[in-house]
Structures are given as structure tokens and as C-alpha cells.
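Visitor: Here are the chains, one letter per residue:
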Amino acid sequence: MSLLTVERLNVVFTTYQGKVKAVKNVSMTINYQETLALIGETGCGKSVIAQSILRLLPNNAQINGSIIFQGRDLLLVDEKTMASIRGKEIAIIFQNPSLALNPVYSIGWQVGEPFRIHQGVDRNQSIQESVRLLSYMKFDKPESAVKMYPFEFSGGMNQRALIASALALHPNLIIADEPTQGLDRTLIKQIIEQLDRARKIHSSSMLLITHDLTVARSISDWIMVMYAGEIVEQVPTLDFFQSPMHPYSQGLLRSLPENGFHPIPGQSPSMIENLSGCQFHPRCQWAREQCRWEKPGLFPINRRMVRCFLYD
Amino acid sequence: MIELQNIFYEYSKGWPRKQHQIVLSDISVKLCMGKTFGLMGHSGTGKTTLGKIVVGLIKPYLGKISFHGKDISQLASPDWLFFRRKVQMLFQDPQGSLNPKKRIDASLRDILNITKIPFNQQKQAIEDVLKTVGLSTDFLLRYPAQLSGGQNQRISLARILLLKPEFIVLDEPTSALDISVQAQILFLLRELQKNHGLGYLFISHDPEVIQYMSHSIGILKDGNLDIIQEG
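First to last, the sequence lines map onto chains A and B.
The first sequence lines up with residues 1 to 312 when you count with my numbering.
The second sequence lines up with residues 1001 to 1231 when you count with my numbering.
So here's chain B without its partners, still in its complex pose:
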């Protein structure tokens, strides 16, 4: 379980005199494994910022985040790496989250090299993960630009799944996709949750998508989080 306690975050902008804008104020929420927490809100309300705080990409100004009961700011290097592997983020723009100069095969092998999977087991691991996300091995020699948005999003998801995560922050994973491809990705995410017990923080501004995906729902407005459905 990931627990956020009294999270504050502010952006400072402007020059020479900086102005501080509070984006998140006193946010406390529990994110459970195997469940989806739907996060809604208008553009610019800090949904993505909260997502980045959950995966540890940015540090909150104040507050505590605990992963399985341990405060992540106190984690020593190996535990921190473990946390970063187990808590992943899927971004909105599928094309932008893959290296355009690397073939799909190389993008996937990067992950396996980082996790020190021996070379002779990599092929099998890639075949397995592509099967899970519903793609054939024909895609391996292509570049991201030669794939559609939905296919790129599946590859990004495959990269995440190679790390065997426990929790994924999904930052508007379908807002750049067509309606039919959106349905495919949502279906796939639900199947993965069922089979692997993944927890999701699902960020979207589409109420219908949130309703379909989430067990509990929160709305972020003026820096505050209102939980409107408990699951």
C-alpha cells in the first residue's frame, strides 16, 4: 500500500520576483494494491504533479509518503531502487515516452539489461511481455514512429511490466487515443489488474472513463482532494 500523508506542493514562477502558487495542499490518501483510485480534475489542477510525487519523480514540499509502511524519503539506496521499480508511471503521450532513435527491441532490452536479466533469457521475456500486452513479435524491429498511438502505448506498458511493478500511475493513458483503441487499452489494464493484482492511480478528465475503471474516486480542485467514492 502507498500512503500519502499531508502532502503540500507549490510551484514558483516569475522573474526577478518569484511568485509561489500552491498546487497541492494537505493531501492525504491511501492507494491500495489490486484497486484503482481514479483522480479527476480540470487541466492545471495538479493531477500529474500528484502522480509524479507518488512515483518519487518529484519530492513534496511537505508531507510523508510511505510504501508498505516505510517512509520513502528515509529509504537507503537498494530499497529506494526497489521502490522505484515497483511503482511505475505510464505517460499521456505514447510517442513521446519512447526513444525515437531506438527500435522497439532495443527499448525493451534496455529494461532487461538494467534489471540484469541474462541475455539468453531476454528473448523469452520479451516474447512473454508482448503476448501479455497483445502485440506480435513483428513489431520488434520497428521504430516508435512506425507504430500507431495505441501500439506505442502498449509498448510503454510492456516496458513497465518487465519491471514486475506493484503499482502504476496512469496519467491520462488514453486521452491521445481513438475511441476504439481507448476501449482496447482500458480492457487490457483491467485484465492486467485482475491477473497480476496491480494497483492503479488513474488520472483522467473523462468522468466516464474514471467511473468505468475506478474503485474509489477523488476530485482535485484548488489544491484539495475531495474523495467522492470510497471503494
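Just chain A, same shape as in the assembly:
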């Protein structure tokens, strides 16, 4: 059963250089208690999808389509309802922990914020809740950690504090936007394990946005590959790593260390210019005449969807 359904989502930013088409006709479904990993290069529109779900986009963004969360279209509900959903039903973990935390408030105050806003508890009680959450995230001394400030913590500790805050009210959907960017390998493993454990205990679903394929492999059920604002492949995780079908997915896997760092030639297209046909055709070794002029649709193959004429 689906918890969140996104249909034909289009996001266009108006900038002084022109219209940036960041998300083009994206449809996706996240089922209860499942993790969907959204992977792709920086700037391909992954984070824009996350921000559209929570309606956190700036004023110069035009959004079209529908985002149905538990029967409500999030693009149509009023701001008051949206505020009650943020943090309580859908929580987000931002990509840069040191920037996402406010430097002038203590960790305890910030981790306990969801309790004060959504449950109306007082300051002391919210700090006590923070202690409980931090000990749950395996902080050594949670009682002293709540009194500390973000600059006194390392990147990994800040990230764990953010995760604790996001999980505070057992949200139905957790959006993790690059939760491991800029962290050491050993820390990445630790954080991902804690995040997945917490998600399973609260039976939440997760939208994991990452460009780290090892992270996606370790905790996701489904993988959605994005390229230049479009979904190019949607596939169960195991099948993706065994037999990627879209040429871009194949290229991504070839660039993994264990496959010898073989790069995909060329650069991603600009989101401002209109590239005709398949967005990947200038970099694709299988590109044919049709790919230059005609836009491929998403072709269903068993449990997966692939946007490539090779599978028409």
C-alpha cells in the first residue's frame, strides 16, 4: 500500500538566466515501511523533489503535479496544515548537519524542538526527551551532550543529533537528503545502521537521497535513478546491482571503485537549454538517430521501468 504518491511533478525555477527545469514529469510511489533511494549526479533535481514534498521551495519555483500523502494533496493543503505535517508526519534530515543546526542554540534545545512545537511540552520536559533520544542514538554522555552547541560536536555527532530530532515524533515518512555527505567511511556505516534501525522500530518509510551507491545498496528496497531532472530507471535494489538496464545506470556502476573507476564520458546537460530527444544521448554509447529527436517514455520490464529505446 502506498504512503506517498507523486504524480507528474514538474518544478521550474525562474532565474535571470532563464527557466531551469529542475524536475520533469516525475512520478513515484513510496509504500509503507519501504525505503526508496533516489540516486543521481549533483544538480539532477533530487533535493528539489524532497523540498517539493515538504513545500520548502523558494518563491521563484513553479510546481505542477500532485503529491498525495495519506489521501491529502500536499500541494493543495493550506500552510497551517503543512506546518503540522512537517516534523510530525514527514521529517527531513538535511545534507549539511553543521548548517542545518542553529549555532546559537544548544543541541538539547534543538533536538527537543518537535516536542515543544507539536506536543506543547515545556522546556525542561523537551530537554529530557532530548536526553532520551540522544542516548538512543548512542551518544556517550547524553546528559552533558544536550548542553553542548553544534560547534563543539564533530560532523558525525551533529548528523546523529539531527537524525534523533527527525525521528522524535515517529514520522510516517523520513526524507534523508544526503545524510552521509562529507563523513568518513567508518562513520557512514555507523550512521546508516542507526538510521535504518530507528526506521524499522518506528515502522516508518524513507526517501533516501544520495549519490553514494554503497549507502543505497545497504538499506534501500527500491532504487530510482535520476538524470537531468528525469527518472531514467526505477528498479528493486537487488536487480539494480545485478543487472542495471539504462545506459546511465550501467555507467554509474562502472564508475564504482570495485569496477575500476571507469568514468562516463562527457558532462550532464544544462537544465536551462532544451535538449531534444533522450537527455543522455550525447554521452550514450548505444545512442542511435531516434534517440536524438524522440523522447523515450518509461518502458515497463518485469518489476522495473526504464527510459530507453533499447527496451522498447
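No lab work stands behind these hints, which were simulated from the structure alone.
Certain hints may be false.
[Unchecked claim] With a cut-off of at most 25 Å between alpha-carbon atoms, the simulated SDA-like pairs for lysine to any residue come out as follows: (1) A/Lys189 / B/Lys1035; (2) B/Lys1018 / A/Phe151; (3) B/Lys1131 / A/Gln285; (4) B/Lys1131 / A/Phe151; (5) B/Lys1221 / A/Gln190; (6) B/Lys1102 / A/Pro263; (7) A/Lys189 / B/Asp1206; (8) B/Lys1131 / A/Gly43; (9) B/Lys1102 / A/Gly18; (10) B/Lys1131 / A/Gln267; (11) B/Lys1101 / A/Tyr16; (12) B/Lys1013 / A/Met148; (13) B/Lys1221 / A/Met157; (14) B/Lys1131 / A/Arg283; (15) B/Lys1101 / A/Thr42; (16) A/Lys24 / B/Ser1148; (17) B/Lys1131 / A/Gly266; (18) A/Lys189 / B/Lys1221; (19) B/Lys1131 / A/Ser270; (20) B/Lys1013 / A/Phe151; (21) A/Lys141 / B/Ser1043; (22) A/Lys189 / B/Asp1222; (23) A/Lys147 / B/Lys1013; (24) A/Lys24 / B/Gly1149; (25) B/Lys1101 / A/Pro58; (26) B/Lys1131 / A/Lys24; (27) A/Lys21 / B/Asp1222; (28) B/Lys1101 / A/Asn60; (29) B/Lys1070 / B/Ile1058; (30) A/Lys21 / B/Ser1148; (31) A/Lys19 / B/Lys1013; (32) B/Lys1035 / A/Met157; (33) B/Lys1013 / A/Tyr149.
[Said to hold, decoys possible] Quick partial rundown of chain A residues pointing at chain B, CB under 7 Å, derived from the structure: (34) Thr42; (35) Asp78; (36) Tyr149; (37) Gly156; (38) His211; (39) Leu252; (40) Ser255.
Heads up, the beta-carbon is just placed ideally off N, CA and C, and yes, glycines get one too.
Model the placement of chain B on the given structure of chain A, informed by the hints.
Guide: What follows is chain B alone, placed relative to chain A:
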């Protein structure tokens, strides 16, 4: 060749009573041209500090650094400038290493003006270096914020290559980049080494990247350097 002999370095922090923390103690290593020395270690072990010492951005507390047999602390002004040109550093954050208010063209021309390349030869030099790093001339009129991380990293590399360096310290050049872009940059660095005989000090905390890039590998831990692979 760059040779480091018995390098010590310490940071002092705290106020009013300063505490001294030794970051590098008795580091000796030879860095050869045309080869890559991979430097690993956890965050905060002094990898970047060692890199900065190699390019002469900071002076060690004790010890000697020699470039082609000459002690760099004894170099007179023209030789010091020559050393600084020939030994370059590529930083981790590609966006942060370019001036956000300058177009790419101006950033590249800065280097050519410093090295006194005549104006009528600058266009050709820029076209050549962009070709080497695999970018088109369309990027010249853009600002760093309009480029992706990988493209900015290529521009930073182009700025370095305009100085015709012999040795480059690469400080986690791909850790801020995607996996596919990382593969592109690593491939480019290896090609440059093959074609121009560059020497690299490759700093990273990713063992797979180090293994792929390096001829010899050292691990920095508690201020000491353990060389685990000689190449």
C-alpha cells in the same frame, strides 16, 4: 624530487593558557616526480597540514624540506617563486577555491597575467588548457556558482596546469564529488601524470581511491607516518 626530513609541527590553541598539540612528529618522506604518494588517515590527523607544508604554505616547526636538493627555507626570492609555481595544491572544496565574483575566463587570465604571458597568446593558452581538462570554451563566461562541482574542480586544475607544475598536492580532490564525477577526475589526473610526468601527493580517507591512484602509500596516525607500500 621533494624530500621531507624530520618534520615536526604543532598547533597551539586555548586562551589564556595555550595548549600545544603535536600534529606531525619526525616525518621523513621522499616524493618523486611522475609518481603518486597516497596519504591516508582519519579526519584531524594532520594530512592537510602535511600537504600545506609540502607546498610551502606553512612552515614546519622543525625539519627540512628540499626541492631538487635545495633547502626551500634558504631559497632567495626568484628561486622561492619558482618553487611556489612548480609545486601546487588542489583543494577539497571546488567551489571555495575559485573567486565567486570572477568569471571563469578572468580566473584563468589572472594566472596568465601573473606569469606574464602576453595578452595575444592568452586566448590560445586558455583554449589549450581547457582542452586538457576536458571542458569546452562555453564555460569561460560563466561564474563558479553556475558550474557543477566536477566542472569547478576541472577549472581549479586548469589554473594549476597553466603554471606548468611539476608536483601537485591533491587534498581530497574527489571527496565532495559524485561517484561518476569522481571517476572522471581520477581518470583525468592519471592521464595528466602519464602525459606530463607530474608527481602527486594524494590525500584521501578513501582506501579504494588511494589504492587506485598511488604508487606508494603512507598512513598518518598520532603524528607518525607509517609507509605501508613502497613504489
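Visitor: So, for every hint listed, does it hold in this structure?
Guide: Hints and how they fare:
1. A/Lys189 / B/Lys1035: violated (32 Å)
2. B/Lys1018 / A/Phe151: holds (20 Å)
3. B/Lys1131 / A/Gln285: OK: B/Lys1131 and A/Gln285 at ~21 Å, within 25 Å.
4. B/Lys1131 / A/Phe151: Violated - the C-alpha atoms of A/Phe151 and B/Lys1131 are around 42 Å apart, more than 25 Å.
5. B/Lys1221 / A/Gln190: With a Cα-Cα distance of about 21 Å, the restraint between B/Lys1221 and A/Gln190 holds, given a limit of 25 Å.
6. B/Lys1102 / A/Pro263: violated (30 Å)
7. A/Lys189 / B/Asp1206: holds (13 Å)
8. B/Lys1131 / A/Gly43: Judged against 25 Å, a Cα distance of about 24 Å means the pair holds.
9. B/Lys1102 / A/Gly18: With Cα atoms ~20 Å apart, B/Lys1102 and A/Gly18 stay inside 25 Å; holds.
10. B/Lys1131 / A/Gln267: Between B/Lys1131 and A/Gln267 the Cα gap is close to 14 Å, so the pair holds against 25 Å.
11. B/Lys1101 / A/Tyr16: Holds. B/Lys1101 to A/Tyr16 sits at ~16 Å (cutoff 25 Å).
12. B/Lys1013 / A/Met148: With Cα atoms ~19 Å apart, B/Lys1013 and A/Met148 stay inside 25 Å; holds.
13. B/Lys1221 / A/Met157: Satisfied, since the Cα-Cα distance of roughly 22 Å is no more than 25 Å.
14. B/Lys1131 / A/Arg283: holds (17 Å)
15. B/Lys1101 / A/Thr42: Cα-Cα ~22 Å, so holds.
16. A/Lys24 / B/Ser1148: Within the cut-off at roughly 19 Å; holds.
17. B/Lys1131 / A/Gly266: Between B/Lys1131 and A/Gly266 the Cα gap is close to 13 Å, so the pair holds against 25 Å.
18. A/Lys189 / B/Lys1221: The given pair, whose Cα atoms are some 21 Å apart, holds under the 25 Å limit.
19. B/Lys1131 / A/Ser270: Satisfied, since the Cα-Cα distance of roughly 19 Å is no more than 25 Å.
20. B/Lys1013 / A/Phe151: At roughly 16 Å apart (the allowed maximum being 25 Å), A/Phe151 and B/Lys1013 satisfy the hint.
21. A/Lys141 / B/Ser1043: Distance of about 22 Å is within 25 Å: holds.
22. A/Lys189 / B/Asp1222: holds (23 Å)
23. A/Lys147 / B/Lys1013: holds (23 Å)
24. A/Lys24 / B/Gly1149: With Cα atoms ~22 Å apart, A/Lys24 and B/Gly1149 stay inside 25 Å; holds.
25. B/Lys1101 / A/Pro58: holds (23 Å)
26. B/Lys1131 / A/Lys24: With a Cα-Cα distance of about 32 Å, the restraint between B/Lys1131 and A/Lys24 is violated, given a limit of 25 Å.
27. A/Lys21 / B/Asp1222: violated (49 Å)
28. B/Lys1101 / A/Asn60: Measuring from Cα to Cα gives roughly 23 Å; hence the hint holds.
29. B/Lys1070 / B/Ile1058: Given pair B/Lys1070, B/Ile1058 holds - Cα atoms ~18 Å apart, limit 25 Å.
30. A/Lys21 / B/Ser1148: Distance of about 16 Å is within 25 Å: holds.
31. A/Lys19 / B/Lys1013: violated (49 Å)
32. B/Lys1035 / A/Met157: violated (37 Å)
33. B/Lys1013 / A/Tyr149: holds (19 Å)
34. Thr42: holds (5 Å)
35. Asp78: At about 34 Å, which exceeds the 7 Å cut-off, the nearest Cβ of chain B leaves the hint on A/Asp78 violated.
36. Tyr149: violated (17 Å)
37. Gly156: With Cβ-Cβ at 9 Å, over 7 Å, it is violated.
38. His211: holds (4 Å)
39. Leu252: Hint on A/Leu252: holds, closest Cβ of chain B at ~6 Å, below 7 Å.
40. Ser255: holds (4 Å)
Violation of the numbered hints given earlier is confined to hints 1, 4, 6, 26, 27, 31, 32, 35, 36 and 37; the remaining hints are satisfied by the structure.
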